[in-house]
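Q: Based on these hints, arrange chain L on the given structure of chain S.
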Amino acid sequence: MNVLYFAWVRQKIGRSEETIEHTPELRTVSDLAELLRARGGGYSEAFGDMSRLRAAVNQVHVALDAPLSSGDEVAFFPPVTGG
Amino acid sequence: MSANVHIQVEDFDVSEEVEALTADQPATGAVATFTGYVRGDGGLTALVLEHYPGMTEREIARIAADAAGRWSLTGVTIIHRIGRLEVGERIVLVAVASGHRGAAFEACEFLMDYLKTRAPFWKQEERDGTSGWVDAKESDDAAAERWRKS
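Chain order of the listed sequences is S and L. The first sequence lines up with residues 1 to 83 when you count with the working numbering. The second sequence lines up with residues 1 to 150 when you count with the working numbering.
The following block holds chain S by itself, in its conformation from the complex:
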């Protein structure tokens, strides 16, 4: 899966994207967030409070319990502030 980070999520992690292999344990977006949070450092800061984060799968807004598949593009970001 290609995983993308935006705004302060990107800043805390220190990168804008990375490839993470999809495994059977990664059933949902929430599972992926937990895997990332467990890496510590900037990841645990970025994923420490999931109520502050939003996600998209294949460029569509999703809830954290949305399912993941191999080849998905997953993005994590704060609530949007355009306009």
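Think of the hints as simulated: they come from the structure by calculation, not from any bench. Take these hints with a grain of salt, some might be off.
As the list claims (entries may be wrong) - Taking lysine to any residue pairs in the SDA-like style, the calculated list, with each CA pair at most 20 Å apart, reads:
| no. | chain 1 | residue 1 | chain 2 | residue 2 |
| --- | --- | --- | --- | --- |
| 1 | S | Lys-12 | L | Glu-50 |
| 2 | S | Lys-12 | S | Arg-52 |
| 3 | S | Lys-12 | S | Tyr-43 |
| 4 | L | Lys-137 | S | Trp-8 |
| 5 | L | Lys-137 | L | Trp-71 |
| 6 | L | Lys-137 | S | Met-50 |
| 7 | S | Lys-12 | L | Glu-126 |
| 8 | S | Lys-12 | S | Glu-34 |
| 9 | S | Lys-12 | L | Ser-131 |
| 10 | L | Lys-137 | S | Arg-54 |
| 11 | S | Lys-12 | S | Pro-78 |
| 12 | L | Lys-137 | L | Val-31 |
| 13 | S | Lys-12 | L | Trp-147 |
| 14 | L | Lys-137 | S | Ser-51 |
| 15 | S | Lys-12 | S | Ala-38 |
| 16 | S | Lys-12 | S | Ser-69 |
| 17 | S | Lys-12 | L | Glu-125 |
| 18 | L | Lys-137 | S | Ser-16 |
| 19 | L | Lys-137 | S | Tyr-43 |
| 20 | S | Lys-12 | L | Asp-135 |
| 21 | S | Lys-12 | L | Val-134 |
| 22 | L | Lys-137 | S | Ala-38 |
| 23 | L | Lys-137 | L | Trp-147 |
| 24 | L | Lys-137 | S | Arg-52 |
| 25 | S | Lys-12 | L | Val-48 |
| 26 | S | Lys-12 | S | Pro-79 |
| 27 | L | Lys-137 | S | Pro-79 |
| 28 | S | Lys-12 | L | Gln-124 |
| 29 | S | Lys-12 | S | Arg-54 |
| 30 | L | Lys-137 | S | Ser-70 |
| 31 | S | Lys-12 | L | Glu-106 |
Note that the coordinates shown come from a computational prediction; the quantities given were computed from them, not determined experimentally.
A: Frame of chain S, contents of chain L only:
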């Protein structure tokens, strides 16, 4: 009706966009436009906007299609700027053409409310040489929410 959507660094000319939107459209009887500017309150000097390339265009197209399903529209132009924008600069344009003013006004407001709460843009504020991320506003969520009830 397909929406004309642009995400760009460059400024835009509102009257040129309205000209383009209404050209060869005899069914158009009304155009409503909204232009957003960088407001210099609280010592703010500039905004820096980033977005999610690809998803932004798709999400705005979805919002525009939703508007076209609710109102009878003859054209929609949405332009959103990215990058560093100083106080007084234009950020966003929503221009809606329709047969009558009611649909144009309402769809323009609907599009702005959904743009603010669905389109993947993020703003950083610059003030006094420091920068910080802008928090999403509950009032924006409430503004978008009211369209669900109607």
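Q: For each hint, tell me whether it holds in the structure or not.
A: Now for the hints, and whether the structure bears them out:
1. The suggested pairing of Lys-12/S with Glu-50/L holds, with an alpha-carbon distance near 16 Å, which does not exceed 20 Å.
2. Only pairs whose Cα atoms come within 20 Å are accepted, and Lys-12/S paired with Arg-52/S is accepted, the gap being roughly 14 Å.
3. Among the hinted pairs, Lys-12/S with Tyr-43/S is consistent with the structure: their alpha-carbon atoms are about 7 Å apart, no more than 20 Å.
4. Restraint check for Lys-137/L and Trp-8/S: the C-alpha separation of about 17 Å stays at or below 20 Å, so the hint holds.
5. For a cut-off of 20 Å, the pair hint linking Lys-137/L to Trp-71/L is broken: about 27 Å separates their Cα positions.
6. Taken as a hint, the Lys-137/L and Met-50/S pair is honoured in the structure, with Cα atoms around 18 Å apart against an allowance of 20 Å.
7. Taking the CA atoms of Lys-12/S and Glu-126/L, the gap is about 19 Å. The hint holds against a cut of 20 Å.
8. Only pairs whose Cα atoms come within 20 Å are accepted, and Lys-12/S paired with Glu-34/S is accepted, the gap being roughly 16 Å.
9. Taken as a hint, the Lys-12/S and Ser-131/L pair is honoured in the structure, with Cα atoms around 15 Å apart against an allowance of 20 Å.
10. The suggested pairing of Lys-137/L with Arg-54/S holds, with an alpha-carbon distance near 15 Å, which does not exceed 20 Å.
11. Distance hint between Lys-12/S and Pro-78/S is fulfilled; the C-alpha atoms sit about 12 Å from each other, no more than 20 Å.
12. Proposed proximity of Lys-137/L and Val-31/L is contradicted: the alpha carbons are some 28 Å apart, above 20 Å.
13. Of the pairs offered as hints, the one joining Lys-12/S and Trp-147/L is violated, with about 35 Å between alpha carbons and a cut-off of 20 Å exceeded.
14. Under the criterion of a C-alpha separation no larger than 20 Å, the hint pairing Lys-137/L with Ser-51/S is consistent with the structure, at around 15 Å.
15. Among the hinted pairs, Lys-12/S with Ala-38/S is consistent with the structure: their alpha-carbon atoms are about 14 Å apart, no more than 20 Å.
16. Proximity of Lys-12/S to Ser-69/S is assessed by CA-CA distance (about 26 Å); at most 20 Å being required, the pair is judged violated.
17. Annotation: proposed proximity of Lys-12/S to Glu-125/L holds, straight-line Cα distance about 17 Å (limit 20 Å).
18. For the suggested pair Lys-137/L and Ser-16/S, the alpha carbons sit about 25 Å apart, so the restraint of at most 20 Å is broken.
19. Note on Lys-137/L and Tyr-43/S: the hinted pairing is violated, with a Cα-Cα distance of about 25 Å set against a maximum of 20 Å.
20. At most 20 Å may separate the alpha-carbon atoms for a hinted pair to count; Lys-12/S and Asp-135/L meet this at roughly 16 Å.
21. The hinted pair formed by Lys-12/S and Val-134/L meets the criterion: a straight-line CA distance of about 16 Å does not exceed 20 Å.
22. This hinted pair does not check out: Lys-137/L and Ala-38/S have alpha carbons roughly 30 Å apart, beyond 20 Å.
23. For the hint linking Lys-137/L to Trp-147/L, the alpha-carbon distance of about 17 Å falls within 20 Å, and the restraint holds.
24. Using a Cα cut-off of 20 Å, the hinted pair Lys-137/L and Arg-52/S holds, with the two alpha carbons roughly 13 Å apart.
25. Of the pairs offered as hints, the one joining Lys-12/S and Val-48/L holds, with about 18 Å between alpha carbons and a cut-off of 20 Å not exceeded.
26. Between Lys-12/S and Pro-79/S the CA atoms are separated by roughly 16 Å; this keeps the pair inside 20 Å, and the hint holds.
27. A C-alpha spacing of about 9 Å is found between Lys-137/L and Pro-79/S, which places the hinted pair at or below 20 Å, so the restraint holds.
28. Only pairs whose Cα atoms come within 20 Å are accepted, and Lys-12/S paired with Gln-124/L is accepted, the gap being roughly 15 Å.
29. Between Lys-12/S and Arg-54/S, the direct Cα distance comes to roughly 15 Å. Compliance with the 20 Å bound is thereby established for this hinted pair.
30. For the given pair, Lys-137/L sits about 35 Å from Ser-70/S by alpha-carbon distance, which is inconsistent with the 20 Å threshold.
31. Between the alpha carbons of Lys-12/S and Glu-106/L the distance comes to roughly 40 Å, so the proposed pair goes past 20 Å and is violated.
In summary, the structure is inconsistent with hints 5, 12, 13, 16, 18, 19, 22, 30, 31 from the numbered list given earlier, while agreeing with the others.
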